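There are 2 protein chains.
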Amino acid sequence: MPSPIPPAAAALLERFGRLSALEDALSILQWDRAAMMPEGAAPERATQLAVLSGLHHELLTAPDLPDLLAAAEAAAWEGVPDAVWHQANLAEIRRRHAHATALPRALVEALSHASSTCEAIWRGARQDSDFKAVQPALETLLGLVRQSAEAKAAALGTGLYDALLDEYEPGGSIARIDALFADLETFLPAFLDEVLAHQARVGAPPRPQGPFPRALQESLGRATMAQMGFDFRHGRLDVSTHPFCGGTPGDVRLTTRYDEEDFLSALFGVIHETGHALYEQGLPEAWRTQPVGRARGMSMHESQSLLWEMQVGRSRAWLAHAVPLWRAHFGRSGPAWEVDAVRRAVTRVERGFIRVEADEVTYPAHVIVRTRLERALIAGDLAVADLPGAWGDLMERLLGVRPPDDRRGCLQDIHWYDGAWGYFPTYTLGAMTAAQLFSAAQEAEPGIPAALAEGDGRPLLDWLRRMVHARASVLSTDALLTEATGRPLDAAVFKAHLRRRYLDEA
Amino acid sequence: MPSPIPPAAAALLERFGRLSALEDALSILQWDRAAMMPEGAAPERATQLAVLSGLHHELLTAPDLPDLLAAAEAAAWEGVPDAVWHQANLAEIRRRHAHATALPRALVEALSHASSTCEAIWRGARQDSDFKAVQPALETLLGLVRQSAEAKAAALGTGLYDALLDEYEPGGSIARIDALFADLETFLPAFLDEVLAHQARVGAPPRPQGPFPRALQESLGRATMAQMGFDFRHGRLDVSTHPFCGGTPGDVRLTTRYDEEDFLSALFGVIHETGHALYEQGLPEAWRTQPVGRARGMSMHESQSLLWEMQVGRSRAWLAHAVPLWRAHFGRSGPAWEVDAVRRAVTRVERGFIRVEADEVTYPAHVIVRTRLERALIAGDLAVADLPGAWGDLMERLLGVRPPDDRRGCLQDIHWYDGAWGYFPTYTLGAMTAAQLFSAAQEAEPGIPAALAEGDGRPLLDWLRRMVHARASVLSTDALLTEATGRPLDAAVFKAHLRRRYLDEA
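Note that the protein sequences, when read in sequence, are chains W and R. Residue 463 in the working numbering sits at position 463 of the first sequence; the count goes up by one each step and never skips. Residue 110 in the working numbering sits at position 110 of the second sequence; the count goes up by one each step and never skips.
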């Protein structure tokens, strides 16, 4: 006969069920703000979100929680069904509790206030390309971020940067990231030169010309989502200025935006967000209301979106099947609509200033620049006043271009100005993870490439469901990737993928 | 120098600001459920709503609240700016607190459970027209409703029915309602005969024939909303199966549904919901987060929707301006599109079985039937088993028709089966209030009729804003209506309106 769940653990399950309902409600309200809310409701929505977040924080830092947690950890788990999941859940609870209690309330409020202030100033500063305008607010915010890093580092027993990183990438380590990025850094500059030389030789491909009516783009997006395995009974597609994947595992809300001159940007955006969405929809139903049942971390999440957007969506096999469908969908034809022309258009590489417009090859350089700089800022090795110059120097060294102004330099991303420090490296960790997972999937299931060549994402999704999604947070990111691919993350597969796509098979 | 707000009252302002943010969040999530949510998310949304409602209830019944309230009530209010509003706010807080604490938690949960169960069974029973199938569940639910009425009656010092009514119609009294409805009851049957005889003499009007494309109906609805004064910066129009007006005063979410064969139903639905919406948008900004700043009650709310839908929207003056716009909007013409034909179509009277399809003349009979029956059921004067028969008898007496089955009889409305007892009378109180307000508005501002005849709702809205909306809940319903119209509610103006529209000027 199975043993019952220890009472303290049962109490925590109930408590975190409520917390998860609050998180889900917050998530839907945030989606609504971006996709539905009329502009005049912004102040009241801010209040609603603050009140719900406050209740969430109260519940998460309730005085009886440490005792419950200690009792549950010390309880007898032999014979309890799913003991591994329960114990991993307790570990996640401890991590969340440590983050929530590390900061005194005054610091939390000061951070929230300084973030809002700095973000608002940044919007104007970016428009005017005037870094000096936001510098004081950024200095204030950075001071509080550093205080917060110190408090979290003490609570978690990590270094400063890792303490911030841990919120996005549980268990992440800047030492590991340094090693991985160093590998890329030695590889990329020369590789980029080769790719650009090759692309210059073959010339720029023609690009499908618009207009592409919005309604047609939308139906193509939905059809593609369905092809990938998105469950519309548990999610929807809408429009927002900044596309994202929000909502809850059982009610995924993803958004895109349409450019009637260029259907490829919305379409690949939808594929990207659907990758995120499939991860959420694949989380184990039985654990969805518990911390262990949530997605593992930002690098794993980004790996799911990039796997579909980059590894699959820009592959020869997938495009060979997809491009004729697109032609038929828009009722178009001509040289720009040849499969190979489209393939070349969506794998075009350029040295650019803007991260969100960057291609697969140059993207890591953008991320490495930001990771280096935020680390130096947090460590106190770089003064905020020196950020624009340091940005230009690093961009020049890593990518060979120096932005002509700060709007296209250190003012382009919202992250720092909004208080999100330690987030940037997860983009490139995600790209590397995606390559490693996709390669392992094809080795494990030789039917995957053939299915993809027929536009059938199901066998790939099945493997991802089994090896990644269904495991939620029961394993560490490292252990998860090792079980799925046979080894922890390294840059080898990613580099091999780039070499193959952009040189050997270009 | 003005006196400061007493500290206990300041604490309550803060507390009820949080409660109001929770209510607003709940309201947006409920709108989302009806208008946006994918069906598969229903169970998790139910959990989110339950958790937020539970937190709301905890906050509203916090142990320190009675002392704060007593201290605030006993405090010195002389010299405090807006003391009248503050004190009315305390009265509203006391009323809400009394409702929230009247029922033991076990009864609240039993009621919630029995309502869900009964409502689910009712859906099937209605479809099968099988009252017996839902009878046991309804008996259980009624037993709990009666217990709840007893507990609330004790807490509020009222009779059983008034205790339930008070939740929808604060300060409402069944004795007053009896007198008002008795007046209508002596008037309506003979009046209805006369109207039907007249309409038979002139014959049925031709009705505009579809199809009316949904997109065109939607743009017409939006144009009409704008004409009425709806502020799209603080609200939006969407689609749901059961149209409603939800959201918050600063973010009103109204819905409709489109029938491509009949644009009039959606259009008048939009006008109705916009009437509700204008009330919400007109609530005083400074008090929106407090109980006193919310709408007065259901009869006043319904008066705002019916004022626009019935008093204005079906008037000769408004239609003379609107119908040509509709013709142009749909690019149509012909006899069915003559102003007078449309007027006759939208003021057509019929003895029918279904309340939600009823016209302005027969609607009160439907409401009186339900009010009588629910009162008898709550008092224990009518057994649930005898409901179908009693329904048929009363319908026959009041409206001259007997439904051939229970689907078109006592199974047609969700209210009782979902636990909403004491709600029905507010529909007809609203219709009477609408007539009285519209008449007073035109007397007070002689420019209103001329403006309406030019499709300009602004002067009427200005008067409603001043006399009704801006007063929120600072006065009782009675006092509010007396200040606005010179006397408390009676049936005279409503009857005069019906006589004029359906006989004298028909």
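No lab work stands behind these hints: they were computed from the structure. Owing to the predicted nature of the structure, the values given are computational and were not obtained by experimental measurement. We put the beta carbon where it would ideally sit given N, CA and C, even for glycine. It cannot be assumed that every hint is accurate.
Cβ-to-Cβ under 8 Å is the rule here; a few derived chain W residues that face chain R [to be verified]:
| id | residue |
| --- | --- |
| 1 | GLN30 |
| 2 | GLU39 |
| 3 | ALA154 |
| 4 | THR186 |
| 5 | LEU237 |
| 6 | THR248 |
| 7 | ASP251 |
Across the chosen pairs, the derived CB separations fall in these ranges [unchecked claim]:
| id | chain 1 | residue 1 | chain 2 | residue 2 | range |
| --- | --- | --- | --- | --- | --- |
| 8 | R | GLN147 | W | SER112 | 43 to 49 Å |
| 9 | R | ASP504 | W | GLU260 | 54 to 60 Å |
| 10 | R | ASP64 | W | PRO136 | 37 to 43 Å |
| 11 | W | ALA71 | R | GLU58 | 23 to 29 Å |
| 12 | W | ALA71 | R | GLN147 | 24 to 30 Å |
Hint check results:
A least Cβ separation of about 11 Å between GLN30(W) and chain R goes past the 8 Å threshold, and the interface hint is therefore violated. Taking 8 Å as the C-beta cut-off, the interface hint given for GLU39(W) holds, the closest approach to chain R being about 6 Å. Taking 8 Å as the C-beta contact cut-off toward chain R, the hint placing ALA154(W) at the interface is violated, the least distance being around 32 Å. Annotation: interface hint on THR186(W) violated; nearest CB of chain R at approximately 47 Å, more than 8 Å.
With a cut of 8 Å, the hint placing LEU237(W) at the interface with chain R is violated, because the nearest CB-to-CB distance is about 11 Å. The interface hint given for THR248(W) holds, since its Cβ lies 6 Å from the closest Cβ of chain R, which is under the 8 Å cut-off. Checking ASP251(W) against chain R by beta carbon gives a least distance of about 4 Å; that is within 8 Å, so the hint holds. For the hinted restraint 43 to 49 Å between GLN147(R) and SER112(W), the CB-CB distance of approximately 45 Å keeps it satisfied.
For ASP504(R) paired with GLU260(W), a C-beta distance near 57 Å keeps the hint of 54 to 60 Å intact. Restraint check, ASP64(R) to PRO136(W): a C-beta distance of roughly 42 Å satisfies the suggested window 37 to 43 Å. At about 24 Å, the CB distance of ALA71(W) to GLU58(R) agrees with the hint of 23 to 29 Å. Taken as a hint, the range 24 to 30 Å is violated for the pair ALA71(W) and GLN147(R), whose Cβ atoms sit roughly 39 Å apart.
Of the hints listed earlier, those the structure fails to meet are numbers 1, 3, 4, 5, 12, in rising order.
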